[in-house]
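Whenever a hint applies, use it, and build me the whole structure from the sequences.
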Amino acid sequence: MLCAKAPSSLPDQTLKIVIVDESAVRAAILEEGLREAGFTQVVRIAEMTNLLARVYAIDPDVILIDLENPSRDVLEQMFQVSRVVKRPVAMFVDQSDTASIQASVDAGVSAYIVDGLKKERIKPILDTCISRFNAFARLQNEVDVARNALEERKVIDRAKGVLMKVKNLTEEEAYARMRRTAMNENKKIAEIAQSILTAAEMLK
Amino acid sequence: MSGSDRLRIGYIPLVDAAALVVAVDKGFAADEGLDVDLVREVSWSNVRDKLNIGLFDAAHLLSPVAVASSLGIGHVRVPLIAPFNLGYNGNAITVTPDLMAALRTAADGDLADPMVSARALAQVVTNRKMQGLEPLTFGMTFPFSNHNYQLRFWMAAGGVDPDEDVRLVVLPPPYMVESLASGHVDGFCVGAPWNSVAVDLGLGHILHFGCDILARTSEKVLAVRGPWAQENPNRLQRLLRALRRAADFIEEPANRGEVATLLAASNRIAVAKEMVRGTLDGDLKISSDGTRRTAAHYFEIGDARGARPAPRQAAWIYAQMVRWGQAPLSPELLMAARSVYRPDLYDAAIGECASGPSESPSDGIGAFAGPSFNPVDISQYLSAWMQIPRTRPRLVTD
Chain F
-3 MLCAKAPSSL PDQTLKIVIV DESAVRAAIL EEGLREAGFT QVVRIAEMTN
47 LLARVYAIDP DVILIDLENP SRDVLEQMFQ VSRVVKRPVA MFVDQSDTAS
97 IQASVDAGVS AYIVDGLKKE RIKPILDTCI SRFNAFARLQ NEVDVARNAL
147 EERKVIDRAK GVLMKVKNLT EEEAYARMRR TAMNENKKIA EIAQSILTAA
197 EMLK
Chain D
893 MSGSDRLRIG YIPLVDAAAL VVAVDKGFAA DEGLDVDLVR EVSWSNVRDK
943 LNIGLFDAAH LLSPVAVASS LGIGHVRVPL IAPFNLGYNG NAITVTPDLM
993 AALRTAADGD LADPMVSARA LAQVVTNRKM QGLEPLTFGM TFPFSNHNYQ
1043 LRFWMAAGGV DPDEDVRLVV LPPPYMVESL ASGHVDGFCV GAPWNSVAVD
1093 LGLGHILHFG CDILARTSEK VLAVRGPWAQ ENPNRLQRLL RALRRAADFI
1143 EEPANRGEVA TLLAASNRIA VAKEMVRGTL DGDLKISSDG TRRTAAHYFE
1193 IGDARGARPA PRQAAWIYAQ MVRWGQAPLS PELLMAARSV YRPDLYDAAI
1243 GECASGPSES PSDGIGAFAG PSFNPVDISQ YLSAWMQIPR TRPRLVTD
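Chains F and D, in that order, give the protein sequences. Here the first sequence is numbered in my numbering, starting from -3 and rising by one per residue. Here the second sequence is numbered in my numbering, starting from 893 and rising by one per residue.
Any given hint might turn out to be false.
Each computed DSBU-like pair below joins lysine-lysine, with the alpha-carbon atoms no more than 30 Å apart [said to hold, decoys possible]: (1) F/150 / F/161; (2) D/942 / F/114; (3) F/161 / F/183; (4) D/942 / F/119; (5) F/163 / F/200; (6) F/200 / F/150; (7) F/150 / F/184; (8) F/150 / F/163; (9) F/12 / D/942; (10) F/163 / F/184; (11) D/942 / F/115.
Hints in this document: simulated from the structure, not taken from any laboratory.
Put into structure tokens, the structure is as follows:
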């Protein structure tokens, strides 16, 4: 219970943190970061059904949720006076702290805390959040780039096959022809390869 | 005109974002020299927060959220203004086949009458309580939403206390239908197209259109930050003109097909074109047996009269916040709520004279029960409701 927790005398390991994120990888990265920072009571929720009941059952001090999650609106109900609400909860971001708000929204994460929790106790949590979310975004970006490169390779290989068959070329000749066309038309080889595949599909 | 001005505008993929989508995709905004980046969002909290901190210049917003944000209720206080009304009505109450059957058994008249259905609901609630069953659960989209207020208004008129007798839970619209299927909720109030989706899957029955409960309520507005409007009067005027042109375009029945196509696109709302069209026309399948229902006022967008913000609507929203304990009652807050809606800015941009056609219904709201709404003296209006005791027992049972 909130009233059982002394505001600032106890070490911050006592803070119970919930991570609401459908991305298991990102949630794991964040949890690891929080544990490294000394927060031991971290619980992840990946299942959005009955979210509010799950959150209340855990009874956290801090809730972290990714901004891509439509269930963020569910958490807003915590602010309402109603039978299900066990205690007041306030959004972490207050008006005096616009820099933190900007940084967390940019990183794609939002934080809610129990009312009355001191800002300085939350800062390290939010900082960890922001850096881990940004790290995850970079990682995601690298994965996307790699995946695109792989996709392009596949398209080029298939177009090469089409050219070899239709024009009776060797693999090297087929590739050289695509490369030449790409240079002449100022396009990427993958784009030329894609148009070959499209044309082949249409002429089937 | 200062060349091409870039604006970032947030929206939720719903049919009542139509004026924004049409203004951008038909080039009306570009004609005003505006380069608008429409950003699709997944939650109202995101739209509100990104507007509040300046990541968005303007947003498609639940009307009650604009009022709540300006009053500092439930969240940090950020003064927002609404210079353009994007839509009226458009919600519906859908219930599971099981609850529909229970209501039919309990009804003492035609369930199409919301008073009959509300009393039937009270009877079902009592029956369940006597049988020791869990209370009924209803989904709605946001604490500050007409979905919440419509459900509450309807239930309370029949003698059901929305805070004690049933559970009201916030659910993101995309999760509504699956929650109905899983038995997590027994019904919900949501906008298009989600009621139709539930009906098409045989999971729900549309019990009421929102306009059965309240004939005319401001559903979504274009919201901007007050200071932004002061610093960018010219850009705001150009945006309002583009939106008005879009509203006129949508209003023309001959354009409905094109509007439905624009809205249904995968980068906009991403639903079937026919569903959007049915919503625009107010023609919906309400039961899995194929029964259809049409209602001229089910959904009103592109309504020239409705685009001009009506402060009485903001007063109505504030009255609901007071009634349901979200906000304290004070003349100052009422004044602040009313001044969120800015017909003066609309008039300045569109160049219309302020005296539009008289509002219909006569009190501007047209509730199915209770006294006429008085936007100047809401304490008197609310006291009529408070006299109806909100504590049980009040239901006649045998």
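Each hint, compared with the structure:
{"no.": "1", "hint": "F/150 / F/161", "result": "holds (17 Å)"}
{"no.": "2", "hint": "D/942 / F/114", "result": "holds (24 Å)"}
{"no.": "3", "hint": "F/161 / F/183", "result": "holds (23 Å)"}
{"no.": "4", "hint": "D/942 / F/119", "result": "holds (21 Å)"}
{"no.": "5", "hint": "F/163 / F/200", "result": "holds (15 Å)"}
{"no.": "6", "hint": "F/200 / F/150", "result": "holds (20 Å)"}
{"no.": "7", "hint": "F/150 / F/184", "result": "holds (14 Å)"}
{"no.": "8", "hint": "F/150 / F/163", "result": "holds (20 Å)"}
{"no.": "9", "hint": "F/12 / D/942", "result": "holds (27 Å)"}
{"no.": "10", "hint": "F/163 / F/184", "result": "holds (21 Å)"}
{"no.": "11", "hint": "D/942 / F/115", "result": "holds (22 Å)"}
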